[in-house]
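Number of protein chains: 2
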Amino acid sequence: MRFVRALNTCAFSLCRRVISKHFLHCSLLKPYIGAHQFSVSGTMAAVADEDSLRRALAQKQSSIDVQGGTVRQLKSSGAAKLDIEAAVQALNALKLEKASIESQLQVALAGAAGGGSSSASRDAFRQAVVNTLERRLFYIPSFKIYRGVAGLYDYGPPGCSVKSNVLSFWRQHFVLEENMLEVDCPCVTPEVVLKASGHVEKFTDLMVKDEKTGTCYRADHLLKDFCKEKLEKDFSLSAEKAAELKHILAVLDDLSAEQLGAKIKEYGITAPDTKNPLSDPYPFNLMFQTSIGPSGVSPGYMRPETAQGIFVNFRDLYYYNGNKLPFAAAQIGQAFRNEISPRQGLLRVREFTLAEIEHFVDPQDKSHPKFSDVAKLEFLMFPRDDQVSGQCAKKLQLGEAVSRGTVNNETLGYFIGRVYLFLTRLGIDKDRMRFRQHLANEMAHYAADCWDAEIESSYGWIECVGIADRSAYDLRAHSEKSSVALVAQEKFSEPREVEKLVITPIKKELGLAFKGNQKMVTEALEAMEEKVAMEMKADLESKGEVEFHVCTLGKNVSIKKNMVSISKEIKKEHQRVFTPSVIEPSFGIGRIIYCLYEHSFYTRPSKAGDEQLNVFSFPPLVAPIKCTVFPLVQNQKYEEVAKLLSKSLTAAGISHKIDITGTSIGKRYARTDELGVPFAITVDSTSSVTVRERDSKDQVRVDVEKVASVVREVTDGLSSWADVLKMYPLHSSETAEE
Amino acid sequence: MRFVRALNTCAFSLCRRVISKHFLHCSLLKPYIGAHQFSVSGTMAAVADEDSLRRALAQKQSSIDVQGGTVRQLKSSGAAKLDIEAAVQALNALKLEKASIESQLQVALAGAAGGGSSSASRDAFRQAVVNTLERRLFYIPSFKIYRGVAGLYDYGPPGCSVKSNVLSFWRQHFVLEENMLEVDCPCVTPEVVLKASGHVEKFTDLMVKDEKTGTCYRADHLLKDFCKEKLEKDFSLSAEKAAELKHILAVLDDLSAEQLGAKIKEYGITAPDTKNPLSDPYPFNLMFQTSIGPSGVSPGYMRPETAQGIFVNFRDLYYYNGNKLPFAAAQIGQAFRNEISPRQGLLRVREFTLAEIEHFVDPQDKSHPKFSDVAKLEFLMFPRDDQVSGQCAKKLQLGEAVSRGTVNNETLGYFIGRVYLFLTRLGIDKDRMRFRQHLANEMAHYAADCWDAEIESSYGWIECVGIADRSAYDLRAHSEKSSVALVAQEKFSEPREVEKLVITPIKKELGLAFKGNQKMVTEALEAMEEKVAMEMKADLESKGEVEFHVCTLGKNVSIKKNMVSISKEIKKEHQRVFTPSVIEPSFGIGRIIYCLYEHSFYTRPSKAGDEQLNVFSFPPLVAPIKCTVFPLVQNQKYEEVAKLLSKSLTAAGISHKIDITGTSIGKRYARTDELGVPFAITVDSTSSVTVRERDSKDQVRVDVEKVASVVREVTDGLSSWADVLKMYPLHSSETAEE
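If you're matching them up, the sequences are chains A and B in order.
Residue 902 is where the first sequence ends in this note's numbering, and the numbering goes up by one at each step.
Residue 902 is where the second sequence ends in this note's numbering, and the numbering goes up by one at each step.
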């Protein structure tokens, strides 16, 4: 059985890694597919445009070369001055035309890579977001005072609060709503478990080493960087060469170590820092290894995903659920991947929080009783066929996608819908989010179907949630390795008659014929599948003897009619025993949060118009702090009211912050807008106060006693800001606001 | 600087480990102190009792020996039958008296070890609790289908839910209430950080190996087991020998490798499994080691505590708090300790959840503005002096304990009070909980004061929370190693005049006198403390020359008057720069939860009286499921009402479970009582239902529409069951109840 786990727990580009080495029929000659792997919302139109521009550029260059030759010839032959001038003018005109095509190409490339916005403006936007996040301690590079460790980040106070809000909502939206069985397993995992799952053998990236310094790089990253750089900056590239490089980018994840190594050699790629030659690529296991106990003989790993903890507990969980299917188990926890050279900031880290669901279901019935709750939802979907034919993601109705078979089954569809609701309620922009189906070569051979929730960010489309129907693979793998049957039973209300294949090797005859090899021949006969067995039965009856391949012996043997009896018998069965299928939505919490930061960030001019102010437009659900309390001026009476308000907010369970610095109200608003605090309470009297909403900057007057409950209702989602505006008088203040 | 971290983050017996090797003035000859280290609530009275019984036993034995001799002599000298009979009778009487003393000793030993209950009954109680916990999947030995790994446990569905409730409440009670800055740092930690904290060098246990099989044991455990076994089962032990063994138990944690090894040899202790000889004890580092990145040159560890992540971020957090003290940072997360041979089930594990607070405060002002909120609390405290003088823990008022100096300062006292409130609100029995002050030899030399919240369980008194004033130690250690100043500033409203020591070595003269050694002499002069420098100044003025020890040279040199100028100058200072003190409450969440299980568990007879039923009396706050919904009989109408109720409970955010099996209501109640579900709703009509409270078994009738809000109010703590009883009619049903 091939290793194909990871294909989707692996939201997180893991899939990119382990998958398709087994699918190398998609060779380097395969046509370009999957624009998603290269561009943000790049379309085939942009690609065609680029192609014709490159051809035009090459033509123009050759015209320039010809005209240049003409000019030189005229000059050397001492032609008339006017003739020479005319020829030079023509040459310059050609050069201008070339420059114009070059800038068109530049625009086309930026368009393909950035959904319209240029690469530079995306970088600038990202820098603005990241600067704000770091300055306000949403996150902190870990161990900063010791110069940090690549790929490790701390959540600072507001980031930690956002994370805890996202996780609470996840529990509410999935675990509580669906009555899931939540478990909490250790990160330290013994080798035997990760051998069964395949991670010990196959959870690898291909690595190259600087042959002189020993510095390590991811082989595919170097090749990818080379191709992208060439495509973006080398305008002399022929259309054919450009197509070749793009093809490499498209199939990058499918390349074997040998293929990668050959390309690196062919293109003369060297170590980025030193320009030294590179070693051949070889696999590096991405798990953090350790040793359990003091003896040094029990290897263990930090888990690369949380799912295995659920699979190994299937039997107990099934029992806990009253031996009934379907049911789902869930786990939130840390996972670890020892990346070779982490890049992309918060998106590719060495330790991260996963939230995973394993929904166990009878493979014969993948309907879902609550599917109708989500069937009417419409959102961007990107089915496999549309990717291959070069179309864009488009809005589909979920119910139709399931009924047409685009999505394999109702349960998978139900989770896609629930994930859509989860992400949009957090504040992810529904127009910059899509569900992309895995291509055939991305998907494990056992998987029934697999969709990634991808969110568009300045880094491109990012896999944030993987939703896969993994069939029975994981439970079977652990059943085999542990010898504990991880199965479910369906008791029949009355016994059913079933036709069963019965193979009875005749040991005496086999012993005479095969002596020491008897056992292996017997086992091979017993292991025959129905089709093979029935063919043998027919052959034995017609010919009396057949050739039979015994793989444990590595050779064919001759089986005679008297050595085995094969028949079909009718048996009564009282129950059906089967390995459940598992449908697995797997959430990369850190990635979702980072995309949420980008989707929530905007700037607006200050009142004086002299600077741009940053705002995070978090919904109250995820806002790190729900409201701030400011006394308008430094004044004991107002401060007392502020402290009173603080007490009532604490009692109502609302996280808040008092700011009694003497700074101007405008500056204080700006400070809290930058933290994404949705409401600000300004104490400007002892009986009533103003409440200001962050994005509209609307203010209302509310009695001191009522403020906490008003804020609580809005932050809990029981009422909206529009409701508040209807209930309380609008306040327009001269003293306040920026 | 000595290593002394761990002394209290180390709630969790870590302190037992690293501490007092530096305090070995408390040698083996030290008198017996600290009953806590040996017994559950063992008092000096019990100890005295045991002592006199052992002496009586020895006397009785020698009387028996004498009398036995007399009998033998009478027999061999052919004495009169009557005389022999009388002597034998006397002998038998002595033997009976001895047996009676033995059983008294047995009772005394059980009393000392078990707070009155016998060791057997404690084991039986624990077994009942643990059986229920495992059967109902509160926890599961991790990777069970692969025969598990010692010291690793999963939280199954109800356990996971209890844990998540405890952590939510912790956030509410500490983080939100105190406006703490919560952070979330990675578990993977580079070596440099744990070198600075001292863990790389000193976070060890002493280990011995079976010399033939290589099996590893904790050296102190083997010695402890030997002593306990002897004391409990060997009645021939002399009172002197018993005192010696008890003394070893008392100072066990202070023994050096050499001392432990000597005792193991002296007592002939061998490997428990094989009886093979043991190696000498040697230190084993308890951190799980790994390697960060692919190069293999960056060692890392899985963090043994979460505190370091906060310390290294001090500078950013201080800035985030507006450069103001005091403030507290908090972190919840996994910690890892590669125990040599984990015992005590859920109490000593290799991976666990810590919740730690680091409260940073000006060392010159440790008052707390909210101390008055907790000053009136009264609970069991066990100050150092009472432990040494052999008294019991007794009820003290917190305010008095602080004002009398028993507790070092208000901030420490405030946290002790808040921890008390936290634990009791979770459901910890206040009478089986105490705050024990660390003894002088348990405490780090820099620590100002340290108290453990200990909870009594079947294993004895368990440290569950450590609350320590660690002074400036941690921040100083990281300042030194990282060269980043982790300090706070107090800006003076107006500049202050300060007398400052100024030492100016005269380089020219020093150069002439010491040539190559000049630099070291200069540095040694500059490093002089005030007292030393002023003495030198006086000596130079009176004698013109002094002997001065330069430790970097390892010898004395002669310093003349013209080689250094020492003076005191008045300087103006605008601010004070200082390293804050840190007060650290550190919670072992898993230990608290286990103790909560024991404190919540009880049994009661079934209605038929034929069996004992298990109940967990969790308060609604921590109950894994808040209520269950049962249709009284299997009937479509009732099931529909049940489903409707389920929807409204979900909307109200109340975790619940529907049980529509046909089992009797009594059995269904028993099942949910065993999970600690506080309320059960039985649907026995379509308009109103009965709500039953778990412990009283009282039932009330509530309208279907009102049920969710009634249950929500009680589980949220907004009203009590008593309030519900007042509002709704009591229901007495013939059909229901066990």
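Worth flagging that the hints you see were computed from the coordinates, not collected in a lab.
Mixed in with the good hints, there may be bad ones.
[What the hints assert, rightly or not] Only pairs whose alpha carbons sit at most 30 Å apart, straight line, appear in this in silico DSSO-like list of lysine-lysine:
| id | chain 1 | residue 1 | chain 2 | residue 2 |
| --- | --- | --- | --- | --- |
| 1 | A | 540 | B | 811 |
| 2 | B | 807 | A | 540 |
| 3 | A | 488 | B | 695 |
| 4 | B | 540 | A | 807 |
| 5 | B | 831 | A | 655 |
| 6 | A | 488 | B | 831 |
| 7 | A | 530 | B | 801 |
| 8 | A | 801 | B | 534 |
| 9 | A | 655 | B | 821 |
| 10 | A | 366 | B | 308 |
| 11 | B | 821 | A | 308 |
| 12 | A | 831 | B | 488 |
| 13 | A | 870 | B | 534 |
| 14 | A | 811 | B | 807 |
| 15 | B | 388 | A | 807 |
| 16 | B | 540 | A | 811 |
| 17 | A | 831 | A | 308 |
| 18 | A | 811 | B | 534 |
| 19 | A | 308 | B | 655 |
| 20 | B | 655 | A | 807 |
| 21 | A | 594 | B | 655 |
| 22 | B | 807 | A | 488 |
| 23 | A | 801 | B | 530 |
| 24 | A | 695 | A | 683 |
| 25 | B | 388 | B | 405 |
| 26 | B | 534 | A | 530 |
| 27 | A | 488 | B | 801 |
| 28 | B | 405 | A | 807 |
| 29 | A | 821 | B | 831 |
| 30 | A | 534 | B | 719 |
| 31 | B | 530 | A | 821 |
| 32 | A | 735 | A | 719 |
| 33 | A | 890 | B | 530 |
| 34 | A | 534 | B | 655 |
| 35 | A | 870 | B | 870 |
| 36 | B | 594 | A | 811 |
| 37 | A | 701 | A | 724 |
| 38 | B | 534 | A | 821 |
| 39 | B | 870 | B | 821 |
| 40 | B | 801 | A | 540 |
### Query
Which earlier hints can't be squared with this structure?
Hints 3, 11, 14, 15, 21, 26, 28, 29, 30, 32, 33 and 34 are the ones this structure does not satisfy, whereas the remaining hints hold.
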